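Novice: These are the residues of each chain, in order.
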Amino acid sequence: MNDAPVTAPPRAAALALGDDALVLSHRLGEWAGHAPVLEEEVALANIALDLLGQARILLSLVGDEDELAYLREERAFRNLQLVEQPNGDFAQTIARQLYFSTYQLFLYRQLAAGDSAFTGLAAKAVKEVAYHQDHAAHWTLRLGDGTAESHERMARACGALWRYTGEMFEPVEGLEVDWRALEDSWRESVAGVLERATLTLPDGPRSGAWRAGAGRQGLHTEPFGPMLAEMQHLHRSHPGASW
Amino acid sequence: MSSSTDWPLWEVFVRSRRGLSHTHAGSLHAPDAEMALRNARDLYTRRNEGVSIWVVPSSAITASSPDEKDPFFASAADKPYRHPTFYEIPEGVKHL
Amino acid sequence: METTAEGFEAAFDAAVAADERIEPRDWMPEAYRASLVRQIAQHAHSEIIGMQPEANWISRAPSLRRKAILMAKVQDEAGHGLYLYSAAETLGTGREELLDKLHTGRQKYSSIFNYPTLTWADVGAIGWLVDGAAITNQVPLCRCSYGPYARAMVRICKEESFHQRQGYELLLALSNGTPAQHEMAQDAVNRWWWPSLMMFGPPDDESAHSAQSMAWKIKRHSNDELRQRFVDICVPQAEALGLALPDPDLRWNEERGRHDFGAIDWAEFREVLKGNGPCNEQRITQRRRAHEEGAWVRDAAAAYATKRRAGSVPAEDGVRMMEATA
Chain L
1 MNDAPVTAPP RAAALALGDD ALVLSHRLGE WAGHAPVLEE EVALANIALD LLGQARILLS
61 LVGDEDELAY LREERAFRNL QLVEQPNGDF AQTIARQLYF STYQLFLYRQ LAAGDSAFTG
121 LAAKAVKEVA YHQDHAAHWT LRLGDGTAES HERMARACGA LWRYTGEMFE PVEGLEVDWR
181 ALEDSWRESV AGVLERATLT LPDGPRSGAW RAGAGRQGLH TEPFGPMLAE MQHLHRSHPG
241 ASW
Chain S
1 MSSSTDWPLW EVFVRSRRGL SHTHAGSLHA PDAEMALRNA RDLYTRRNEG VSIWVVPSSA
61 ITASSPDEKD PFFASAADKP YRHPTFYEIP EGVKHL
Chain A
1 METTAEGFEA AFDAAVAADE RIEPRDWMPE AYRASLVRQI AQHAHSEIIG MQPEANWISR
61 APSLRRKAIL MAKVQDEAGH GLYLYSAAET LGTGREELLD KLHTGRQKYS SIFNYPTLTW
121 ADVGAIGWLV DGAAITNQVP LCRCSYGPYA RAMVRICKEE SFHQRQGYEL LLALSNGTPA
181 QHEMAQDAVN RWWWPSLMMF GPPDDESAHS AQSMAWKIKR HSNDELRQRF VDICVPQAEA
241 LGLALPDPDL RWNEERGRHD FGAIDWAEFR EVLKGNGPCN EQRITQRRRA HEEGAWVRDA
301 AAAYATKRRA GSVPAEDGVR MMEATA
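Chains L, S and A are the protein sequences, given in the same order. 170 is the number that full-length UniProt numbering gives to position 170 of the first sequence; each next residue is one higher, with no gaps. 39 is the number that full-length UniProt numbering gives to position 39 of the second sequence; each next residue is one higher, with no gaps. 307 is the number that full-length UniProt numbering gives to position 307 of the third sequence; each next residue is one higher, with no gaps.
FYI, nobody ran anything at the bench for these hints, they're computed from the structure. Every value quoted in this text rests on a predicted model; they were computed, and no experiment measured them. We put the CB at the ideal spot given by N, CA and C, even for glycine. Errors might be hidden in some of the hints.
To be verified - In silico negatives: residues of chain S with every beta carbon more than 10 Å from chain L:
no., residue
1, H22
2, H29
3, P31
4, I61
5, H83
To be verified - So the derived label-pair ranges between C-beta atoms look like this:
no., chain 1, residue 1, chain 2, residue 2, range
6, L, A113, A, R165, 51 to 57 Å
7, S, L20, L, S242, 42 to 48 Å
8, A, E292, S, S58, 24 to 30 Å
9, A, Q212, S, S59, 32 to 38 Å
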């Protein structure tokens, strides 16, 4: 597929935010029927549904939601590499949730306080996201400070996903955000939760060594291709059909 | 194999809107009160059914025993004068 | 005050006869309790196992609107399972015990979920036919003699009203869509129709538990009566969909004022029930695996709660009462 260069705001911004929400929602949807306890089936689905709702609004700002979701090639997706990472075990999912929901919380707070095409959406989403962050924080405490096994799994997950956190704070064209302040708030909040969970903030590199970039530049990790293939195949198998 | 630690049972009470009492909605399992609240929010208010939630450990509830049905409640049943319908008021008298 | 066993039994019988509800701490015959636990557990298990065939399509849903609907529906099924396990719990049987019985094959779930979802249209057929049959079964259960079960069913029926409609709407879109979509819809209806009729259970004269359950007002209508009701409802709905029901013997019987329909293949029913359905092994394996792989998570949360009770971890700050922002 041929995708026009992503330049004019708010398209780049809407795609970045919308793709983050869409892709993470899809990943969380993969938990259905596999969650560690029934109550968590309901909780994870709630979060997935909130994110899918956000994605649909954001993508619709700049085009047809289904065309954008189902007919773009991998290189045209602008989501963070963090959100496309496979669910792994529950610790990996919670670490991903903690990193991302904290990011989304401070990002949407800034957007809600500003005056842009995203103000209204952010004002509504910030309440949802606050709950997602609360969910992630509570589970981080329980896994980090639960049993020796859960502590080890949670520490490993936080470490493994750390390298995907750097690109969250690279400016996105069309978003009026104080990225420096965002990063500071994020680091302080995540460090606080991890400390209470008897875990430490990882200190490894926060991005890959590849200079070409990452998700915001349409460069993704290998697990993303199969995920998209699965998500898009039915829609693409019936060109022009309505559902 | 399977978990040996069964999470305790909690009773959930939901205030459906301001001005109404909390009413019993059901129960759920959770490891502690904080998680019980959150599970209750996800389970019992996912269609906007509530504005406030209480969770109470099921083990903390003391219930009247159905065996005591008669001694417990019978005496209340024979005091009809506690109810306004006990009193006859002439027809046409208003605001009573 | 009558405190003898006969007195209790008489009080129970009188309450059931007067259409009053039996509540958890009331005296009840052990067989009534056992029968309820069996039925509620099977119902709860069906909700939980029933998530799988539909969850199979969440990742492939062909539009974002459909994806949201399907996620919400599968989520509801988890919620309904929880309501039902809670109802069973009021009879003194914990969820862990019931799940263990499910995982070891000592308790059953509805056989319908042992059929595979092969195409997207199957999601529609499940909503229309499987949920339709379930609702026909469940609406009378809202008046079941056992209070907690009846209350759970009221909540479930209320929430489920969208399940059937979304399935019907999904099939309608396919039926009115491209020829390939129409064919997909017809194929799904062909495969799901007969298993849906089996959901009402064996014919009345072969049903092991029916008579006693009806006497206790756990059940309100016979299997055959509900099955007939379902067929009569579905025929005009299928016409409106523009899809055929795969039964050459299906026709209106003027005299009875109801539809006649063909013979159900009870041999298939019994085989699937015995564990030889296309997905029996797969469903239970996935369920067992999710439970086993989640054990360390449940243990962690329990350990954390124990530490906090013991005071070795400071209590989380925050209010005890959560005022939702809704």
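Novice: Could you run down the list of hints and mark each one as holding or not?
Specialist: We went through each hint and held it up to the structure:
no. : hint                        : in the structure
1   : H22                         : holds, 20 Å
2   : H29                         : violated, 7 Å
3   : P31                         : violated, 7 Å
4   : I61                         : holds, 20 Å
5   : H83                         : holds, 43 Å
6   : L:A113 / A:R165: 51 to 57 Å : violated, 40 Å
7   : S:L20 / L:S242: 42 to 48 Å  : holds, 43 Å
8   : A:E292 / S:S58: 24 to 30 Å  : holds, 26 Å
9   : A:Q212 / S:S59: 32 to 38 Å  : holds, 33 Å
Of the numbered hints stated above, those contradicted by the structure are hints 2, 3, 6, listed in ascending order.
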